[in-house]
Every structure is written in structure tokens, then in C-alpha cells.
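Enquirer: If you want the building blocks of each chain, they are given just below.
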Amino acid sequence: MKDIRAKILSNKKISHAYYKMALDAPYIARTALPGQFVQIKCSDSLEPLLRRPFSIYSVNGNIEILYEIVGRGTEILSNKKRGDKIDVLGPLGNGFTLPRTTNSEPRAIIIAGGVGVAPLVYLAGELAKKHIKTIVLIGAKTKDLILCEKDFKKAAHEVYVSTDDGTYGSQGFVSKLFHNILKTTESRFDTVVYVCGPHGMLRCIAEICQERNFECQVSLEERMACGIGVCLGCVVKTKSGNKLACKDGPVFNSSELLW
Amino acid sequence: MNVKIGKIKLKNPVMAASGTFGYAQEFEKLVNLKGIGAIITKTITLNPKVGNPMPRICETAGGMLNAIGLQNEGVDKFIKEKMPYLSKIGTPIIVSISGNNIDEFFILARRLDKIKSISGLELNISCPNIRGEGWSVKGGGLVAQDSKATYEVVKAVRKVTGKTIITKLSPNVTDIIEIAKASENAGSDAVSLVNTFLGMAIDINTRKPKLGNITGGLSGPCIKPIALRMVYEVSKNINIPVIGAGGIMNADDAVEFMLAGAVAVQVGTANFIDPGVCGKIAKGIEDYLKKHKIDRIQDLGLT
Numbered sequence: 001m002k003d004i005r006a007k008i009l010s011n012k013k014i015s016h017a018y019y020k021m022a023l024d025a026p027y028i029a030r031t032a033l034p035g036q037f038v039q040i041k042c043s044d045s046l047e048p049l050l051r052r053p054f055s056i057y058s059v060n061g062n063i064e065i066l067y068e069i070v071g072r073g074t075e076i077l078s079n080k081k082r083g084d085k086i087d088v089l090g091p092l093g094n095g096f097t098l099p100r101t102t103n104s105e106p107r108a109i110i111i112a113g114g115v116g117v118a119p120l121v122y123l124a125g126e127l128a129k130k131h132i133k134t135i136v137l138i139g140a141k142t143k144d145l146i147l148c149e150k151d152f153k154k155a156a157h158e159v160y161v162s163t164d165d166g167t168y169g170s171q172g173f174v175s176k177l178f179h180n181i182l183k184t185t186e187s188r189f190d191t192v193v194y195v196c197g198p199h200g201m202l203r204c205i206a207e208i209c210q211e212r213n214f215e216c217q218v219s220l221e222e223r224m225a226c227g228i229g230v231c232l233g234c235v236v237k238t239k240s241g242n243k244l245a246c247k248d249g250p251v252f253n254s255s256e257l258l259w
Numbered sequence: 001m002n003v004k005i006g007k008i009k010l011k012n013p014v015m016a017a018s019g020t021f022g023y024a025q026e027f028e029k030l031v032n033l034k035g036i037g038a039i040i041t042k043t044i045t046l047n048p049k050v051g052n053p054m055p056r057i058c059e060t061a062g063g064m065l066n067a068i069g070l071q072n073e074g075v076d077k078f079i080k081e082k083m084p085y086l087s088k089i090g091t092p093i094i095v096s097i098s099g100n101n102i103d104e105f106f107i108l109a110r111r112l113d114k115i116k117s118i119s120g121l122e123l124n125i126s127c128p129n130i131r132g133e134g135w136s137v138k139g140g141g142l143v144a145q146d147s148k149a150t151y152e153v154v155k156a157v158r159k160v161t162g163k164t165i166i167t168k169l170s171p172n173v174t175d176i177i178e179i180a181k182a183s184e185n186a187g188s189d190a191v192s193l194v195n196t197f198l199g200m201a202i203d204i205n206t207r208k209p210k211l212g213n214i215t216g217g218l219s220g221p222c223i224k225p226i227a228l229r230m231v232y233e234v235s236k237n238i239n240i241p242v243i244g245a246g247g248i249m250n251a252d253d254a255v256e257f258m259l260a261g262a263v264a265v266q267v268g269t270a271n272f273i274d275p276g277v278c279g280k281i282a283k284g285i286e287d288y289l290k291k292h293k294i295d296r297i298q299d300l301g302l303t
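Those sequence lines, one after another, are chains C and A.
For what it's worth, the working numbering labels the leading residue of the first sequence as 1, then goes sequentially.
For what it's worth, the working numbering labels the leading residue of the second sequence as 1, then goes sequentially.
Treat each hint with caution, since some may be false.
Mimicking DSS-like on lysine-lysine, the simulated pairs with C-alpha atoms at most 25 Å apart in a straight line are [stated by the list, open to error]:
id : chain 1 : residue 1 : chain 2 : residue 2
1  : C       : K7        : A       : K280
2  : C       : K239      : A       : K7
3  : C       : K237      : A       : K34
4  : C       : K2        : A       : K80
5  : A       : K155      : A       : K116
6  : C       : K2        : A       : K34
7  : A       : K4        : C       : K247
8  : A       : K88       : C       : K85
9  : C       : K2        : A       : K155
10 : A       : K80       : C       : K239
11 : C       : K247      : A       : K34
12 : A       : K77       : C       : K247
13 : A       : K236      : C       : K239
14 : A       : K9        : A       : K49
15 : A       : K159      : A       : K7
16 : C       : K247      : A       : K210
17 : C       : K2        : A       : K283
18 : A       : K293      : C       : K237
19 : C       : K2        : A       : K88
20 : C       : K7        : A       : K29
21 : C       : K85       : A       : K80
22 : C       : K20       : C       : K2
23 : A       : K4        : A       : K208
24 : A       : K4        : A       : K210
25 : A       : K34       : C       : K85
26 : C       : K143      : C       : K130
27 : C       : K237      : A       : K49
28 : A       : K29       : C       : K247
29 : C       : K237      : A       : K77
What the hints contain is simulated information worked out from the structure, not anything from laboratory work.
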């Protein structure tokens, strides 16, 4: 973990209100694991005051984040130019655990909802490096909001899409797609499910995984101030008491969480 | 740059404020902990506290609200799990304590008094997020809102410890000088002010308060002018050192507090934004003294 004054290498609008920013942060790139995040100071002034947490979307000598404009912080960030410098603290938190490849044949199912794709693209790449069979399900409200399909296609064996309004892929929530996929895929694998997205979706996927006895790792999003476990602002209730999204998470085993 | 608070000698006047610096270990990879004047731990209570419901924090214009609710593991676990690391740092460690009644303050102080590596105790009688939990202060308010209760708590702690006592005062009072005097009269070695201002924020779309606790403590640069005024008033009226706090983001802010009469400062919210800020502020104060040809930090005052 280091606090780095990083140069912005690129900052591009990719669709709708989504942006991709590449940052020159070789230390973070070298040490970051899939599912970890960075805390970025969007402005050098006191407005907004707090840093904003972003999942690490890709790692390639430098790091990339994928973000949506949701408020003042991300609005300011979207106006940053190539060559500008910003404070980036990371890598932070506990990321995803890759499946053990010792016993039976493992299989990963990645499920992304909306901008929840961000930490999962990096994960898909790491799974591919380990030659783990990976299926990806991407869900969003409508066609324009489906992100990173190309990225996933490079890394995964199968990629499926669903939209709530049916404008692209199958119609309905991604949890329905998950149900359908499970009906048609082989069940001989030792399955680990990785999921990131809106809270309701996470809960729904976690329930399906519990029924099937799949290990399910969820990446949670919480508002946080410090990002390093001192302000105690991002508490997550678990079977073993209060945990912190920033330090103990953001990735948790879904069976540990009190939903 | 040396300052003295009670029996504690600080190599510089910058202290990391309670609740914003954890138990220091969280910062070990990011910061030279020896460069900080003193470290004040997250507040410890006799029994573990789970804290308040989520959401616990929310950003506001120029500041933030928090309603953590003193979540901590209790004094036993603190001594067992946190003290070994804190003892090794080499920077004065001040343990912040809070209790539901005088007895709890008394028991906590007596236990912590036995630990050599603790330099002092800060009495958190001013957390705005634990209202009405068994305390018998009139009107269900905070200890720091009642001069008699303040006097009694400080007096009880004074009985069982020779360590430096700092009383942390609340700004949510009509007359902070009266409370500061009560603390001084009861034997406190210093006062620190201010704790957070009670505030709230509402989400106009959900039409719900933004904090699970409804109200919370406001901190950050937006409170600085009020905190500064209170430090100025209190330091003119008492004879024990005043530790200034409230929205200090940089060395200029810290110097302002010292000019207003503070002997040392506490940096809080700024730690969340820049983990290395305490060291930077200490360096900035040193640069300021050099630039203005002030030899001793004690000579810093209004012209």
C-alpha cells in the first residue's frame, strides 16, 4: 500500500456516463490483486473533501479504473486531462480468491451487474492465465449500459448478456440468466461464483449459490472515508461480527454475510 | 518544536486525533509514525461496543458527518491486541477513553494507569453519537455539556492516575469556558477542543436522514473558524494547555490555532484524506517558524 502522485495517462468516455482512466502507478500495478481497489483524490482543493474508492479494472504496467459519473467527485475526475496528476492510494482491501486447482476441475462463473464489471475484468484475465474455465454473465438495464463485453470475450470461454428491457441479449435480470445457464451447463465442475453489482442482485445470486452449494465471492460497494480501516464508516455485518468493507473486504464470502 | 502537555514531552506539537488514526498500525506502511508528536487512539470503552447502524458517514460541503458510535473491542482486547504494537512505536501514546458512568471511567483509568508505555489519557466526554446511554447528566446530554458532570469525571480519573489527563471538550455548549474551567479545577492537565459539532443531512430523494443514527458529528474544514474562536476564548481563560482541533488540513491551519493560544494541535479528518498529513503539518510548522525567525514554538502568539 502506497500513496502515489500518479500521472493520468488517458481518461476516455467509453459510453453513456462511463469513463476509463489509465494511471501511471507501477507500484500499484505490480502489487494489486483482482478485487482490490484504490482511493483517489479527485480534486486538489477541499471540494469534494474525501477520496473516492475505485476498483482496479485492469493492470498492465500501469493501472486502469472504470467509473461512472455519479456525483461531484466523479464529475471532476471525468474532466481531468492526460498529463494531470492525482493522488492514488492503493492497492487496498482484500480481493478475490482464485479457485484451488488441486482437487477436482474448477470452474469460475463471473456475474457482473452494471458498472459492477469493473473489478471482474481483471479477475477474468487472471483466471484465464490459470487456465480456469470461466463463464461470464453481464447484466444491465439496457443495451447501452452493457460494459466490457469485448474484454470478457478475450479472457473467458463463454460470455452471456442480459438486459432488463430485452434490448440486448436475453430479457430479464442477470439472476434469471444465471438460473437458465445452470440448467444447460454441466455440473461436474467445482464451481466458484464471483459477483459484483447492485445490492439486490448480489443477494439474489448469493441465494442461488447457497441452494447449489457453490462458493460465492461478492464484491461490496460501500461509502467510505479513509479506505484503510480507521474511520469505521464502512461496516458490513457478518456472522463473525462487524467487518470493514475497506479492510476486510471489499470481497466477502457470501455465506459469511448477514444480508 | 518541543512542547509539553502535562508530563508528556512531544517532539512536535502535532497529534493524531482520536478516531481518525485507529491504533496506528493501520498507518505503518504509509507513514513515519515517529514524525508525529503524539498518537491518540480510537476511544476505548470498558466493554466492547458494536457502534451505530449504517450509514455511518456522509460528506457535506467542506466537511463530513460521522456517527460511528465508538465501535471498539473493549479495554481487555485493546490491552492484549493493540498495546504491544503501540508500545514499540516510540511516539507518546495517549489512550482515549469513554464510559457510560463515572465508575467506568474510573475502572478504565485505573487499569490503563498500570501500563507504562501509555503516556496519557484523553477523556472523551464529548462524543455526540452516544447520547442517552445510561448517563445521568441532566437532560440526557453529554458529560461535556454539564460542568458538574465534567468536574466529577475528571476528579474520579485524577484519583487513580498520575498520568497526564487531557479532557476533550464539546463545542455543542452555550459556554465552553465554564466546562474548560471545571475540567481544570478537577485536575485535568490539559483540554483539547473541539470535538465534532452535532449536525445532520437528509437525502431529498429518499426523504430519509443520510445517517443511520439520524444525527452525527460534523468535522472538517467547515468547522475551523468556530473551533478557532473557541480555542482563542478558552486559552485566555484557563491556565492549563489548550490543544486545538477542528478542521486542521495543513500547517497554515495549525499555525492559526497556535496563534489563537493552542500549545499543540490535533489533526483528525485530514488523516482520512492524506494519511501522511500529520508529518507534513509538523514540517510546515517548522518551516513557518524559520521563515518568521521565531526560535521557540512557545513564542508563537498574536502580535
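Enquirer: Run every hint past the structure and note whether it holds.
Expert: Consistency of the hints with the structure:
1. C:K7 <-> A:K280: 22 Å, holds
2. C:K239 <-> A:K7: Given pair K239 (chain C), K7 (chain A) is violated - Cα atoms ~44 Å apart, limit 25 Å.
3. C:K237 <-> A:K34: Answer violated: K237 (chain C) to K34 (chain A) is near 35 Å, above 25 Å.
4. C:K2 <-> A:K80: 28 Å, violated
5. A:K155 <-> A:K116: 21 Å, holds
6. C:K2 <-> A:K34: Satisfied, since the Cα-Cα distance of roughly 18 Å is no more than 25 Å.
7. A:K4 <-> C:K247: 35 Å, violated
8. A:K88 <-> C:K85: 36 Å, violated
9. C:K2 <-> A:K155: 44 Å, violated
10. A:K80 <-> C:K239: Given pair K80 (chain A), K239 (chain C) holds - Cα atoms ~23 Å apart, limit 25 Å.
11. C:K247 <-> A:K34: Roughly 24 Å separates the two Cα atoms, so the pair holds.
12. A:K77 <-> C:K247: 19 Å, holds
13. A:K236 <-> C:K239: 52 Å, violated
14. A:K9 <-> A:K49: Violated, at about 32 Å.
15. A:K159 <-> A:K7: 16 Å, holds
16. C:K247 <-> A:K210: Answer holds: K247 (chain C) to K210 (chain A) is near 23 Å, not above 25 Å.
17. C:K2 <-> A:K283: Between K2 (chain C) and K283 (chain A) the Cα gap is close to 20 Å, so the pair holds against 25 Å.
18. A:K293 <-> C:K237: 54 Å, violated
19. C:K2 <-> A:K88: Holds: K2 (chain C) and K88 (chain A) sit about 22 Å apart, inside 25 Å.
20. C:K7 <-> A:K29: 22 Å, holds
21. C:K85 <-> A:K80: 42 Å, violated
22. C:K20 <-> C:K2: Between K20 (chain C) and K2 (chain C) the Cα gap is close to 22 Å, so the pair holds against 25 Å.
23. A:K4 <-> A:K208: The hint is violated at about 46 Å.
24. A:K4 <-> A:K210: 41 Å, violated
25. A:K34 <-> C:K85: 29 Å, violated
26. C:K143 <-> C:K130: Status violated; Cα separation ~31 Å.
27. C:K237 <-> A:K49: Cα-Cα ~14 Å, so holds.
28. A:K29 <-> C:K247: Answer holds: K29 (chain A) to K247 (chain C) is near 14 Å, not above 25 Å.
29. C:K237 <-> A:K77: 20 Å, holds
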